[in-house]
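Novice: Spelled out from the first residue to the last, the chains are:
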Amino acid sequence: MELVGLLSFLVFFLTLSGIYAVMALGLNVQWGFSGQFNIGIAGFWAVGSYTAAILTTPESPFHLGGFGWPFLPSALVAALLAAVIALLIGLICVNLRTDYLAIATIGIGEIIRLVLKNEEWLTNGVRGIPAIPRPFSGLGRELEALLFLGLVVATILVVYALVERARRSPWGRVQRAIRENEPAALAAGKNVLRFRLEAFVLGAAIMGFGGALYAHFAGFISPEAFDPLFATFLVWVMLIAGGSGNNIGAVLGAFAIWALWSGTQFMTAFLPIEWAARAGAVRVLLVGLLLQVILITRPEGLLPERPPRPAVRD
Amino acid sequence: MLVDLVQLTIFGLVVGGIFALGAVGVSLLFGILRFANFAHGDMMTLGAYLALVFVGPLALPMWVAFPAALAGTALAAVAIDRALFKRLRRASPVILLISSFGLALILRSLIQIIWGPENIVYWTDIVLPWRLGEIRIRPPHVVMLAVTVALVVALHLFLTRTRIGKAMRAMADDPDLARITGIPTERVILWTWALGGALAAAAGIFLAVDTRLNPLLGWNVLLPVFAAALLGGIGKPYGAIAGGFLLGVAGEVSTLVLDPVYKPAVAFAVIVLVLVYRPTGLFGGR
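Protein chains in written order, with the working numbering: chain V, 825 to 1138; chain L, 352 to 637.
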């Protein structure tokens, strides 16, 4: 019995960190490859989650729904919608300086959150959308959870293969060139704006897909779930700790930081009872301090970026 | 309609003063250290809670608590620079940006650990508004505006009359040129943190008087504060003040046509318009 509990916790843990790994890979395309600072991750995540939820839930008088789509098409639409929003934002903001883009992306995240909170016909407002169906339902709890983990792992593998290929391709090389020296890339005749836009949109699409996975995993979503803290900050810490620019690092960082984050939960369980309401803040404090330590002592992360060697020509 | 407009403009000036006080620090820090300080909102929150220590447990009047909280937050800002940002002086500005984002969460969680997540007020007595015809004016608003104006005048004197203030403006304008002319950069950076922290605390206290204290107090206005700094032009303290007032009034007046829940969107729209059409701000900063 103990063992079953432990195993089901392990499956839960791996699934959730796997979803974060998808997010970290998406952020790596934007930040690691292309050097674009997005702190509106929560916004794209929420767009993906809500799209998937609305397309798959049964009809409800409280929010838009009743389409009854299966998982994959709805997740693809979720990715597409996140990409479209990123494209619209990107057309305006992508050629801004890094720090300005950062400020603009908080604004986007904030506006998306306001819309989700206030447009009740669409999202049921603060009460959220319940009863999001799980893929593979009706196969029993354990098998269902296991198959869902399989789905998450498959997503990581597909996304990893995709972005790793992109990183090694000439496209990835141009991204690195733009990140390191924009005037030089421009002088070499590269359409800088277009390359940056492509990276921004691709990253957002990956986040949208991850958001769809999250909606099905959680079964219930509300604007609270897309607190900039969990959605945005943790993904950033994961990528920086793992090694920005390195796709394996991004995945590794996601699992490592989520393990630490869950670990702090056990730690705060030992706090005196009157501290229980503040346990969340203690955990955030610890992770915030960890980020500062990483930035000061090892800013390149666990696995530093290794640019692929240029092909030798005879 | 006209009455509404006047009423909203008065509210807008009060809120705008709060944005302006926050934006001066953001603008100077951005000009001198080259990064957008995402922890500025939470420094405002810190200042507001420090004032609570003086008016609450120590039962001091607000006119004592106010300068004490300003001094406390200035010290905290300097300590943060020594402990954290000084070690990152040579890192790229983006690393500083990420670090300040982390710092924002550290400050917020510390505040939550110490004071809890609930809404708190400084005092509970109700002050009736004055009536001028159909227009209502709340006495605290008058005090807040007066203190804001006094702080802006003091800031002006500091920036134009003292050596360190002049050095600060020179460095925000062109750091390399400032360094060549032998300005003691580390000392200027220290003073900038202290000044930014003190003004942020004033903004935070005003915000808490106007609404309620809670750990998200400052974070919630970070967007308009940044917008004000960008609107005024980075590194231009006077621009930031003008930007703050403009944005405050624009936000309040927008509620005539826009659902008030979308007020933050106004700040965002201003940011985007400024960045696209006039990236140097209205007054030609960087």
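Treat the hints as calculated values from the structure; they're not laboratory data. Everything numeric in this text was worked out from a predicted model, so none of it was measured. Cβ atoms here follow ideal geometry from the backbone N, Cα and C, with glycine treated the same way. Check before you lean on any hint, since a few could be wrong.
Stated by the list, open to error - Label-pair ranges, simulated between beta-carbon atoms:
#1 L:Thr360 x V:Met1091: 49 to 55 Å
#2 L:Gly484 x V:Phe891: 54 to 60 Å
#3 L:Thr475 x V:Phe1044: 50 to 56 Å
Novice: Evaluate each hint against the coordinates.
Specialist: Hints versus structure:
no.	hint	result
1	L:Thr360 x V:Met1091: 49 to 55 Å	51 Å, holds
2	L:Gly484 x V:Phe891: 54 to 60 Å	55 Å, holds
3	L:Thr475 x V:Phe1044: 50 to 56 Å	38 Å, violated
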